[in-house]
Amino acid sequence: MSSIYDAIKQDHDNHRALMKKIADTSGDSAERTQAWNEFYYDIKSHAAAEEETFYSKLMTKTWGQDSARHSVEEHAELDDLLEELNEMDMASPGWLNKFHKLEHDYNHHMDEEEDEIFGRAKDVIDESEIENYGEKFLERKKKEMKLVDEKKKDSLED
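Everything in the sequence shown is counted per UniProt numbering, starting at 1 for the first residue and increasing by one.
By construction, these hints were calculated from the structure, which means they are not laboratory data. A hint or two may mislead.
[Said to hold, decoys possible] Here are the computed lysine-lysine pairs in the DSS-like style, where the Cα-Cα straight-line distance is at most 27 Å:
no., residue 1, residue 2
1, Lys20, Lys122
2, Lys101, Lys9
3, Lys98, Lys122
4, Lys142, Lys57
5, Lys122, Lys57
Please construct the entire structure, taking both the sequences and the accompanying hints into account.
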């Protein structure tokens, strides 16, 4: 069993490690491509699951509505960057520049969630519910990953 905070933080830690791995590689190497694909598909399912479980619960409070809207807006901006990067040639200098913007923005987003939103969320998600919300998040993430996989498969068939 994992608390909602632990589940999200574990994903964040994995995403940080993948971003470092991507930044430490060059061109369109197999290592960069593998790390990018893992990062891309995991972050997509993570964001959707986070919005549907964690942020939907925070919306029950006025301050939570503002925080959730802000974070969902950041998710949309990050998603735009992800899609741009996914369409670009990894060997181009522009790809790495755009990746560094994504890396900067996503690190800011994760820090904000962990340092500010988690603390405030404890007023909304009762201690007795944090593991239940963690399980909801992980289950939703699995469902979202299947949807992402279907989209990936469809795009490869086109």
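Evaluated hints:
no.	hint	result
1	Lys20 <-> Lys122	violated, 30 Å
2	Lys101 <-> Lys9	holds, 21 Å
3	Lys98 <-> Lys122	violated, 35 Å
4	Lys142 <-> Lys57	holds, 19 Å
5	Lys122 <-> Lys57	holds, 11 Å
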